[in-house]
Amino acid sequence: MTIPADGAASPAQATRAGPAARPAKTASIAARLFGSAALWTVAMLLIGGVTLSSYYTRSVERGFDQRLHVYLKTLVGAVAAGAFDKDDPGSFGEPRFELPLSGWYWQITRLDRDPPEATTSKSLFEEQLPRLAELGVEETLVGTREGYALGPESQRLRVVERIIDLGTDGRFLISIAGAAGEIDEDIQNFNVALLVSFLLLGLGLVTTTGFQVRFGLRPLAGMRAQLAEVRSGSRARLDGAFPEEIAPLVAELNGLLESNREIVERARTHVGNLAHGLKTPLSVIANEADTGEGAFAQKVREQAVLMRRQIDHHLERARLSAGVAFAGETTPVQPAVEALARTMAKIHRDRDLAIDVAVSDEGLRFRGERQDFEEMVGNLVDNACKWASARVAISVAPLAPAAAGGRSALRVVVDDDGPGLTEAQRAEVLARGKRLDESKPGSGLGLAIVADLARVYGGGFALSEAPEGGLRCDLTLPAV
Amino acid sequence: MRLLVVEDDPDLNRQITAALEEAGYAVDRAYDGEEGHFLGDTEPYDAIVLDIGLPKKDGISVLEQWRRDGRTAPVLILTARDRWSDKVQGFDAGADDYVAKPFHMEEVLARLRALLRRATGHASSELLCGPVRLDTRAGRVTLDGNAIKLTSHEYRLLAYLMHHQGRVVSRTELVEHMYDQDFDRDSNTIEVFVGRLRKKLGSDLIQTVRGLGYVLASPGGA
Chain L
1 MTIPADGAAS PAQATRAGPA ARPAKTASIA ARLFGSAALW TVAMLLIGGV TLSSYYTRSV
61 ERGFDQRLHV YLKTLVGAVA AGAFDKDDPG SFGEPRFELP LSGWYWQITR LDRDPPEATT
121 SKSLFEEQLP RLAELGVEET LVGTREGYAL GPESQRLRVV ERIIDLGTDG RFLISIAGAA
181 GEIDEDIQNF NVALLVSFLL LGLGLVTTTG FQVRFGLRPL AGMRAQLAEV RSGSRARLDG
241 AFPEEIAPLV AELNGLLESN REIVERARTH VGNLAHGLKT PLSVIANEAD TGEGAFAQKV
301 REQAVLMRRQ IDHHLERARL SAGVAFAGET TPVQPAVEAL ARTMAKIHRD RDLAIDVAVS
361 DEGLRFRGER QDFEEMVGNL VDNACKWASA RVAISVAPLA PAAAGGRSAL RVVVDDDGPG
421 LTEAQRAEVL ARGKRLDESK PGSGLGLAIV ADLARVYGGG FALSEAPEGG LRCDLTLPAV
Chain A
481 MRLLVVEDDP DLNRQITAAL EEAGYAVDRA YDGEEGHFLG DTEPYDAIVL DIGLPKKDGI
541 SVLEQWRRDG RTAPVLILTA RDRWSDKVQG FDAGADDYVA KPFHMEEVLA RLRALLRRAT
601 GHASSELLCG PVRLDTRAGR VTLDGNAIKL TSHEYRLLAY LMHHQGRVVS RTELVEHMYD
661 QDFDRDSNTI EVFVGRLRKK LGSDLIQTVR GLGYVLASPG GA
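Chains as they are written, first to last, in this note's numbering: chain L, 1 to 480; chain A, 481 to 702.
So that you can see chain L by itself, here it is in the shape it has in the complex (with noise of 0.2 Å):
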């Protein structure tokens, strides 16, 4: 099979593959946490600086409109009075009213008259005032106006005015005007001030948010982790405690991670049981083949043999692919090594061999199933006593982290001083069910069996020359 040049794998592949498949792109739990805080803060803030800058120009164009008013009462009451001078008005105690063109000014219009006579502060010059009448700006209750307009020079403005009525002595509009830029100044520079403040705010808030959204999120980080342990089997389930609101879904997962591992149990005790179930059958009939003669009973010994071998392999490789699936189990090694020690020295108490174990940790376990372990460990050491002429030697000692990759390990050495193996022998003897020597029993399969289950462990497992001569075989395994 050739795989694409994108590196895309096949759907089924994908699906196994996990963390890499993404079936349907979903924004992340954190994007959306986010983004609607973000959002909403965002919206409140514009909505928020958009009022308080109105509110703060209507003040701010109130206290300029009062103070107009001022003027406006003064003037209104010289005219009321008749006390006005029109060749020396005075300035009301304002004298930009008589520097030229400073953007304040006032105005009396006689309205009785035809054309209207209008008498205007030094500061006028020739100009008249805009009537803000004339520009569509509302009468207020109190019967004044105010508004913006355009004076001399395309001066903005702020006026107020009113009319009033003496009867036979007149009818006036008297207008009052300040410069506009004073107002817009101090507005821009509140809105300059609020945006800052406003900006400094949401990004404090947006950050806030980030971090709240981080620390919330923690525990599904922490539930992602476990979960990648459990994928490498370093971890049965998921422990600890977890907020109420995923609690429920850890539950479920340690529910379907349990039936999973029963599935795959009962799977592989049914395949066990089938095999084992049919070597019965099978001892019979080999054993009825050895009692006849001829060519049928030569057939049916040599078809025999070929189904003991299918048996054996199938159950190796059930046995082989199980391993992941036993997470979390832990096997207190000394015992083991010690049960598997007197059992051979039962079997091989003809030999008259001394097997001596030496556990440099009470405590020390092994990370995985005891059945394994036995089967490593009883596998090298039944092929030390095989080939030993005096002495078996095992020891299980933790192997220190940094030279097991970080991670905690032991190391079960199996020394015998029997003839040993020369290096090409060696490497011979783990090819799968390669035999060196057929005069000794056994299937051939111990040491390749051995590597195997080493590897679905990820452990490592090596041959080397023991100090007394003999073979040295060198397993290293997951330890707790």
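These are computed hints drawn from the structure, not numbers from a lab. Predicted, not measured: the structure shown is a model, and the values here were computed from it. One or more hints might be untrue.
[As the list claims (entries may be wrong)] Dumping the calculated DSBU-like pairs for lysine-lysine here, alpha-carbon to alpha-carbon at most 35 Å:
1) K299/L - K386/L
2) K629/A - K680/A
3) K346/L - K537/A
4) K122/L - K73/L
5) K346/L - K386/L
6) K346/L - K680/A
Given chain L, put chain A in place with the hints provided.
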């Protein structure tokens, strides 16, 4: 030598029993754990062939109970499960040896011979008593190198006495170890067989200890 075969598969049980009988043993058979346990508990077997996967009561439990109750007959376990963990379990329960299915009958016979020899303290598969030589592997008896023809009962009686040389063996013990349980036992027939053996192998080989039984004495020895 009297053996017990506990195996639930009737064909396999028949094959093992037939092979053992042919090799000169008296054989009782049981087809489930309870029956097997009862027989092993009440009859004095010289060795037992025990299957692990038995109905009613599994072989490991049967074996453990025998050992708890002080039954010391050597036990050869037969099982389809041949991982080391299974073997460890079997040996820890008190088994003396282990044969994995499927097996060749020769292997079972060889292991049994070794168990019987070991249980009676003999190092070799050939037992010697003066001029008499008994080859347990071939089931042959020679006197001064000449082959002697024995019936199966004569062979069993001689084999039992040769395994327990120098010890007085009672008639009851001989009966218990020579016949399977279905046999119509009569201790008088023992005397008949002893008489025939004396005729074939010399009159001073088997000595009668009055009121106690028989002892095999090597003429050259004590």
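Item to check | Violated hints - listed by number, lowest first | outcome: Hint 6 contradicted; others consistent.
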